[in-house]
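Enquirer: Generate the whole structure from the sequences, applying the supplied hints.
Chains as they are written, first to last, in our numbering: chain A, 1 to 359; chain B, 1 to 82.
Hints are computed from structural coordinates only; laboratory data are not their basis. Model, not experiment: these values are computed from the prediction. Where a beta carbon is used, it is the ideal one built from N, C-alpha and C, also for glycine. Watch out, some of these pointers could steer you wrong.
[As the list claims (entries may be wrong)] Quick list of the computed label-pair ranges, beta carbon to beta carbon:
| no. | chain 1 | residue 1 | chain 2 | residue 2 | range |
| --- | --- | --- | --- | --- | --- |
| 1 | A | E13 | B | W45 | 42 to 50 Å |
| 2 | B | M59 | A | D227 | 26 to 34 Å |
| 3 | B | M59 | A | R18 | 27 to 35 Å |
| 4 | B | K6 | A | E51 | 40 to 48 Å |
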Amino acid sequence: MLYFVTMNHEKEERRRKRILYESIRTAVGTLLLLAISLLTFAWFHHARPKERLSAGLLTATPTPVLSQVVSKPEVTPTPFAEANEPPSTPEPTPVYVPWIEKYADQFTESILSDEQGYSSPDLAVHITKVQYGKAKTAMYYLADIYLTDVFQFETVLAKDRFGSGLRESVKDMANRGGALVAITGDTYGNQDAGIVIRNGIVHRQEKSTFDICVLYYDGTMRTFSPDDFSLEQAIADGAYQAWSFGPLLLDEQGQPIPDEKLNTSKNIRRANPRAGIGYFEPGHYCFVVVDGRTDDASGLTLEQFSQLFADLGCKAAYNLDGGRSAEMYYNGSVLNDPYKGGRSVSDCLIIRETFGKEP
Amino acid sequence: MRLFVKAIQAVLIVLAIMMMVFLVLDGFNPTMNFLRNDITKGLLWAFSILALADGLLIMASVINGRFRTGKKKHKHAAHGEE
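Expert: Put into structure tokens, the structure is as follows:
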């Protein structure tokens with residue numbers, strides 16, 4: 001009897017072991033299959049370098065308007081009979097002031113360059129490092145930029161090709177493009193849709209759900225929600241560059257946008273390292289990069305970033321790829337301290353010196 | 001057949017976890033477009049079809065089991081057992 005009980009017990013033990021072994025084998029197999037599936041997905045989704053067919057449309061005849069419109073009211077003599085009538089607002093007559101005259105006080109006769117900035121007869125960049133955060137060791141970097149020609153503002157694509165999975169560091173792209181200042185772009189290569197116009201060429205025509213920022217040949221910059229944007233109109237208006245990332249950070253009056261109205265997800269709105277572009281007036285722009293995700297400072301929320309551009313006095317501002325991608329390059333080196341050393345991205349915005357160089 | 005069902009279930013578990021991973025990643029980084037791309041759409045189709053197949057197989061086995069139990073009961077009743 002005892003023999004049978006022992007046999008049954010052993011049998012039960014063996015059965016349990018078999019079940020345990022089978023369960024572990026199944027779990028390991030499933031996990032392995034999951035890992036292989038995720039890696040395969042990542043490869044085909046975003047890691048595999050793949051050139052894409054660019055729409056290749058030219059936005060306009062690239063004839064930049066190197067000027068700033070200034071409204072000067074025309075004073076006309078009032079006839080005696082109409083003297084008692086309320087004065088009508090005179091129609092402003094546009095007077096074109098070349099950027100080189102408008103920002104003449106920013107430029108210098110020869111090239112001057114140091115850590116605080118750069119100036120030449122046709123380009124000026126002022127670099128400001130601002131401390132923020134609890135321990136006052138975290139920085140954000142502001143590049144205040146004055147141009148004389150819109151073609152000094154360019155974009156560089158990774159590997160000089162339009163596609164997905166094509167990546168390069170901001171520094172390498174900036175060096176290749178001959179940049180004085182550069183900042184991370186909109187990482188268009190991670191998206192299947194979203195308007196992409198680079199240096200006057202429309203590469204992608206499909207809108208995404210993201211806000212759009214357009215820089216025109218006349219130097220103006222405007223930001224749009226996807227519902228308000230028309231590619232045909234942008235082309236007709238002479239779009240020179242267009243980015244699809246965002247969100248837009250200032251409203252039409254240049255006021256900051258409250259957190260809940262920013263067109264992006266909650267996770268993106270949280271404190272993070274940031275990169276963004278601000279627009280003051282044609283020929284005058286700024287790049288801002290904020291460090292974060294460190295013990296001293298977590299970065300800025302999008303609402304704070306929006307407020308920062310409003311405080312700077314920008315009329316329009318737009319958020320670019322942040323997080324680990326947020327990088328600013330100036331005069332041969334990366335200025336900020338990117339999270340985990342930064343990462344390679346699919347594009348960047350550059351400011352280029354043209355003085356003494358062939359067009 | 002058992003191996004086939006087992007394989008379907010393993011693939012279903014993998015696909016379900018993948019979808020959850022994409023949902024979480026999309027929350028953190030919507031610009032990467034983890035959810036609305038063609039590959040994810042294809043995977044979602046596969047997930048739906050396999051889930052349907054698995055559901056039908058389970059349903060069939062349950063119905064089959066019920067009939068078998070019914071047959072047994074019927075047999076036992078014929079032999080005068082309760």
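Enquirer: Now look at each hint and say whether the structure bears it out.
Expert: Status of each hint after checking the structure:
1. Separated by about 45 Å at the C-beta atoms, E13/A and W45/B satisfy the suggested range of 42 to 50 Å.
2. Judged by the Cβ atoms, the range 26 to 34 Å given for M59/B and D227/A is violated: they are separated by roughly 46 Å.
3. Roughly 29 Å separates the CB atoms of M59/B and R18/A, a value that falls within the hinted 27 to 35 Å.
4. A hinted range of 40 to 48 Å for the beta carbons of K6/B and E51/A is consistent with their spacing of about 42 Å.
Consistency note: the structure conflicts with earlier hint 2 alone.
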